[in-house]
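Trainee: Chain by chain, the residues run as shown.
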Amino acid sequence: MLAIREMVRRKLQFGLVTGVVTLIAYLVLMVTGLGLGLNQLAGTALLALDGDHLAYSDRSNLSVIRSQLSEAQVKDIASAPGVKASAAIGYVAAAIEYQPGEVETAALLGIDLGSIAAPKVIEGRSLTPQDRRGLLVDRSWASLTGTRIGDTLQVPVGLATEPFEVVGVADQGSFFFQPAMFMLRDSWRTVSYRSVDRETPYASVVLLQGGGLDGTRGSGWEVVTKDTAFWNIEGVSAQQGTVDALKYMGLLIGAMVIGVFFYVITLQKVALLGVLKAIGASGLYLTAQGMLQVFLVSLVGTVVAAGLAVLTKATVLSSDAIPIAFTTGAVVSTTVAVVVAGVLGAALSMRQIGSIDPIIAMQQQQ
Amino acid sequence: MALLELRDITKSYGEGAQRVDALRGVSITVEPGEMVALVGPSGSGKSTLLAIIGGLLTPTSGSMLVAGADVAKFDARARSRYRRDQVGFVFQSSNLVPFLTARENLLLVGEFGGADRAALARRADELLSELGLTDAAGQAGNRLSGGQRQRVAIARALMRDPSLILVDEPTASLDSKRGAQVVEALRDEVHGRHKACVMVTHDLEMAARADRVLEIRDGLLQVHQAAV
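Chains as they are written, first to last, in our numbering: chain W, 22 to 387; chain X, 84 to 311.
These are calculated hints, taken from the structure and not from any lab test. Any given hint could turn out to be false.
[Stated by the list, open to error] Using 20 Å as the maximum straight-line C-alpha spacing, the simulated EDC-like pairs for lysine to aspartate or glutamate come out as follows:
(1) K32(W) / E187(X)
(2) K156(X) / D378(W)
(3) K290(W) / E187(X)
(4) K290(W) / E194(X)
Put together the whole structure using the sequences plus the hints.
Mentor: Here it is in structure tokens:
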């Protein structure tokens, strides 16, 4: 096939542009990975919860930080039409001392035992009613601080700290860019409000299972989907917007580079393309050859970039401290996006190929 | 029966005071197995006439019958098929695809569709052998000598067994000895395969090797001569 033979025989020319596409696709993939990693930090713990919806205080503007629900409201939410199961969850951010003088922040989530909010334990054991000073820490916390089961962490309560024992490890990810930790909800109330009485908030939000709950409202509360809840986590939408802008800029640059390369290469080949038309090649055949080259350059460049990106994550950027993550879906969709951008970028050149007049085969020699 | 029959072909560019008449009523017939040379000074209209015969340009008026079909009325797609199936072009500078070998340049026409590729491969080997190019078959187009390139171009023109061979200044980039060899090879193919051939040339010595020489001046056919 003419297109492939040209690429094979003009290795330097096509190798260079494939290299440039690789670099651009690599940049786009890393930005995509960064967005994914930041999103995981922002709320994998929320997304991992075994429910479809979340109920907030209607004055919280869908902020888990500001949402406070009373016991009556939690009961009201649990009995709302369509609710199959519910779990009250408390949230507070805390600076945890894991070694004398060594502090890291964590997202403390208060849960009820046996509820749908209880995390799956991957190491150690689950919390029990007796674990009023017990904690389940996320795998990322254990990796970051070297904490092991049986270790004692100092959790701030008011201006003082109290010792909590790590009883197990969960794999729920992060919440608000901090590793998640789980404790009994009663303990959470103490940690958050020091003294607990009838006026103390009962939970921050309520996790719900059930259908058709989105938009349900009650006395001082409202229900949204888990997806809406995620995008309302402070900073997530702005962060995703920034990442998307960088990604689209990368795709635009990729499209322009591929477009300019094939435009120049088409200009260089106008005479040859004219000759091919003169000896019987149709515009469709020549355009198909050009499109095949664009597709192959974009595909090879992007696939190499995907390999490099995954390799980079597995080696140089393997630490949990660097928020870059890849999923098969993200890599495939980004690969497709770069290839589509390349094909669109080269559309002008392909149009030019179709419109070359075969008479040029004779004119060029006069 | 004539393979090619041009009746009162005109070609004009521009309008009003800017109008230029490149051809002013040219009528020609060419028989199968006949090689016709078109001569004339630069700007006389001979290349325009060749382009019209080859379906690269459409005439302003007149009819052009090739094997009975009026090519002048073909649309762009039909002209493309006409060039592919019925015309073999040989250009001044051979215009081979530089990154393909001599053999690949011949086989390339099979990619344009409507041909049996296995038969084309056999035909390519046969033509390379006939034209003394067997040893050069694997060499890239841009590494062949000028004479070899023109012979490959002749072979490419014959690949799809067209009824009409159109040749534009085939010896312009060759010395007289190699030029004569190329025209002889072309003449042998035209006669041997019973093709109709129209060759545009400045070189009267090469034109003399044709069966008939036609002269064009200012867009008009001047003289019909017998072969020298």
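Trainee: Work down the list of hints and note, for each, if the structure agrees.
Mentor: Outcome of the hint check:
1. Proposed proximity of K32(W) and E187(X) is supported: the alpha carbons are some 18 Å apart, at most 20 Å.
2. Under the criterion of a C-alpha separation no larger than 20 Å, the hint pairing K156(X) with D378(W) is consistent with the structure, at around 18 Å.
3. With a CA separation close to 18 Å, the supplied pair K290(W) and E187(X) stays within the 20 Å bound.
4. Distance check on the hinted pair: K290(W) and E194(X) sit about 18 Å apart at the alpha-carbon level, within 20 Å; holds.
Violated hints: none; the structure is consistent with every hint.
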